[in-house]
Amino acid sequence: MLAYLARRVVYTVPILLGVSLVCFALVHIAPGDPLVSVLPPDASLELQRALRTLYGFDRSYPEQFVRWLWRALQGDLGTSIASGRPVTQEVLKAVGYTLRLALLATAIGFFFGALFGFVAGYFRDSAVDKLASAISVLGVSVPHYWLGMVLVIIFSAILGWLPPTGAGDEGGPWQFFRHMILPAVTMSVIPMGIVARTVRALVADILQQDFVIGLRAKGLTDYGVFRHVVKNAAPTALAVMGLQLGYLLGGSILIETVFSWPGTGFLLNAAIFQRDLPLLQGTILVLALFFVILNLLVDVVQTALDPRIQRA
Amino acid sequence: MAWRLGSRIGLGLVAAGIAAAGASAQEKVLRVGMTAADIPRTLGQPDQGFEGNRFTGIPIYDALTHWDLTKEKEPSALIPGLATDWKVTDDTTKWHFRLRPGVTFHDGSPVNAAAVVWNVQKVLDKTAPHFDPSQVGVTASRMPTLRSARVVDDMTVELTTSEPDAFLPINLSNLFMASPTHWDAKLKAVPASVSDPAERAKQAWTAFAADPSGSGPFRVTRFVPRERLELAANPAYWDEKRRPKIPRVVLLPLPEANARTAALLSGQVDWIEAPAPDAVQQITSRGFKMYQNVQPHVWPWQLSFIEGSPWLDKRVRHAANLCINRGELKEALSGLMAEATATYEPGHPWHGNPSFKIKYDPAAAKKLMTEAGFSAAKPLKVKVQTSASGSGQMMPIPMNEYVQQGLKECFFDVELDVIEWNTLFTNWRQGAKDASARGANIINVSYAAMDPFFGMVRFTSTKTFPPVSNNWGYFGNDEFDKLIADARTSFEAGARDAALARLHARIVEEAPFIWVAHDVGPRAMSTKVKGVVQPQSWFIDIATMSLE
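Chains A and B, in that order, are what the protein sequence lines are.
Using the numbering used here, read the first sequence as starting at 1 and increasing by one per residue.
Using the numbering used here, read the second sequence as starting at 1 and increasing by one per residue.
For reference, chain A alone in the conformation it holds in the complex (with noise of 0.2 Å):
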């Protein structure tokens, strides 16, 4: 298992070299000049020139790749253009906003998918299953963002009973989740349309799996066949799990743009129309870092809950 640990923490590190090459190419490759959040259309050519050679957009592609990757090895990530700020600073500080996000979304989806899912494959065919298999379609295709909106009329600007924008930090621990439940609900509707399908079918087929008629033919009992079935489907409820976090984590652009929640996907909105070169790289490979990572997790999480798979 430590071997195994070892070895997949090696595999990352190519894997986020491509990344980041990736993420820095695709940046400098988009049309447009990397310095248009601090420099007018109307400045002098001098000016043009004098800023390019400070912020070092005069430099060969390579050798700014070079720079800003030792940089970032050393945990720098160089500094926002449009902001002044340090956009490891800034980027942290966004994560930890939308993980908080993400976490309540997954926690969320989770358990109303893993819900429907059951009810749905142990009554296969039946009504509930209909009723829950059309909840579930609905979830994944709804817009996330239209979903929002439509949440925030409801809930903010007819009722008023939940604020739509912003963290609420400043208001203590219940005003932060109060801002939280529009979005966290509104990011949940995609996990939780997967995680139903596909526990509905892992259910459905475990069910009709042979072990099962001679669990029933032991006389366990249904509470004693339901914890066998759950402990068989959990692991690929899990790792599809574990991916939704990953999206979620990075995927967020359009929720958090809509209900102004200061995560990753603001944080990258921003980068993008102010053209914030650093910040946009500096996010991107971030949220990368954090995608690898949650994949080796789950990868491990199966293991441990799944002795059959042999990745060792």
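For the record, the hints were derived by calculation from the structure and aren't laboratory data.
Bear in mind the structure is a predicted one, so any value in this text is a computation, not a measurement.
Take the hints with a grain of salt, since some may be wrong.
Stated by the list, open to error - So, partial list: chain A residues that the calculated Cβ filter (under 10 Å) puts toward chain B: (1) Leu-35; (2) Ser-83; (3) Gly-84; (4) Leu-162; (5) Asp-169; (6) Glu-170; (7) Phe-211; (8) Leu-267.
Said to hold, decoys possible - If you want the ones that stay clear, here's a sample from chain A, every Cβ over 12 Å from chain B, calculated: (9) Leu-99; (10) Asp-210; (11) Val-225; (12) Thr-236; (13) Leu-243.
For glycine and all other residues, C-beta sits at the position ideal for the given N, C-alpha and C.
With chain A held as given, fit chain B onto it using these hints.
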């Protein structure tokens, strides 16, 4: 049981919501939802365009000259700020500004000539220890001719320009004065382990941005990057009329228009910038008040004058300007625009008396097009490069499509080339001859027209052809260069305005633009915000407002 629990939780949430709303209503805090995705920079020279100047410039800092933001009915005029008066010397490249006595920064240090020189150096003198490259871009380009500053005496400063430039006092409204004493304190607090002077200065500016000191009517009390900026009234502000009545202001970045609207409707904020146009009716029906006024902003089609361009024919340019039903477009945008018939509308001191009157007259437009050899069967093909979004672009796609349809009536066949905003912005500087134009003979980039250089000179001088500045279409000739030179060397304000009016009149007559719209800076506010004056400006003064 479960239902009871659920209803208790639900009622609890309702009660908590009501309690929170009640609590916020009792506070004397003005909460503002900005369109920016981050708090504009707070260290003196804001970013995020003029929204930055509006919220982290003017409230926190003073400049040598200010805009008069007290009048709704007439264009904002330049008034004394930290300088009480100024005059150009016989040399005509040197100006003397006399400073207002007794003004202090928020940290208590005096605003004197040395402080002004220090603030000029922060963006123009690379050898100065406090030189900050991050503030250069947004400042130097707005004061293109300023070169240096010198102390004459404790309360008089001399500013030198690269050439005679009567626009300097206008430009100086963009140079905000930060406290040198406070910055020095921040520099001293940088750890000794940081030895590189440039890095020490950078860290001092970062610390200064988190805890700034200007001399404006508000001072910063709390700064949470990307989340909120809290301001408190400066009771010792030098201008009694602008001594704030609102004790505390909170600025929140809410870049999404629907989110801002929801924040207003739910009572989370008292004021939002640029509400979603389709929400205006809902906002007003819920008892909020809309404010808008024409801004020195132009949403135009800028035309190409390079060889082979169809716009070289003046009849075609005039026809296009006469063929747009701006009133109908305004209606389509829920009234959130002003009809543009020039860069500066009648009533503005720089409007002049152009002989070509821009209005909606499709019959006259068709006649001109027929004279130029075009018809419904033989339309004129033109191509416009634009973006799907962008600062000041308002609603570019529906607006461009509207103009496209309108011009069809007058025998124009318009092709739209929609590209990404930053790319369009970069192309603007490359010019119509460059490959980046991709055959377009029109570019749609909106612009601020606060001062004559940005509103007129950069589009009409032969010295501003690409890549020097934004004369994308290469419009200009000796006549315009002379008109510009006249305006730049008319140092008395009345004479300068008259020269600018002559320049503007000729611009309208020659029509290097198709003028379509001016932004009106729409904002929605709770009725408890009183004393709101929305001037004909990009800015608005929070200091003179009160909260019920």
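Do the hints match the structure? See the list:
Because the beta carbon of A:Leu-35 sits about 7 Å from the nearest beta carbon in chain B, less than 10 Å, this interface hint is met. Hint status for A:Ser-83 relative to chain B: holds, with the closest Cβ pair at about 6 Å, below 10 Å. Interface hint at A:Gly-84: satisfied, since its Cβ lies 5 Å from the closest Cβ of chain B, which is below the 10 Å cut-off. Proximity of A:Leu-162 to chain B holds as hinted, the smallest CB-CB distance being about 7 Å (cut-off 10 Å).
This hint holds: A:Asp-169 has a C-beta 8 Å from the nearest C-beta of chain B, less than the 10 Å allowed. Interface hint status for A:Glu-170: upheld, as the beta-carbon distance to the closest one in chain B is roughly 7 Å, under 10 Å. Because the closest C-beta pair between A:Phe-211 and chain B is about 35 Å apart, greater than 10 Å, the hint is violated. Hint on A:Leu-267 holds. Least Cβ distance to chain B is approximately 7 Å, under the 10 Å limit.
At the 12 Å boundary, the C-beta of A:Leu-99 stays outside the reach of chain B, the nearest C-beta of that chain being 16 Å off. Non-interface call for A:Asp-210 relative to chain B: holds, since the shortest CB-CB distance, roughly 38 Å, exceeds 12 Å. For A:Val-225, the non-interface assignment is confirmed: its Cβ lies about 26 Å from the closest Cβ of chain B, beyond the 12 Å cut-off. Under the 12 Å C-beta cut-off, the non-interface status given to A:Thr-236 relative to chain B holds; the minimum distance is some 30 Å.
With a least CB separation of 28 Å from chain B, A:Leu-243 remains clear of the 12 Å interface cut-off, as annotated.
In summary, the one numbered hint that this structure violates is 7.
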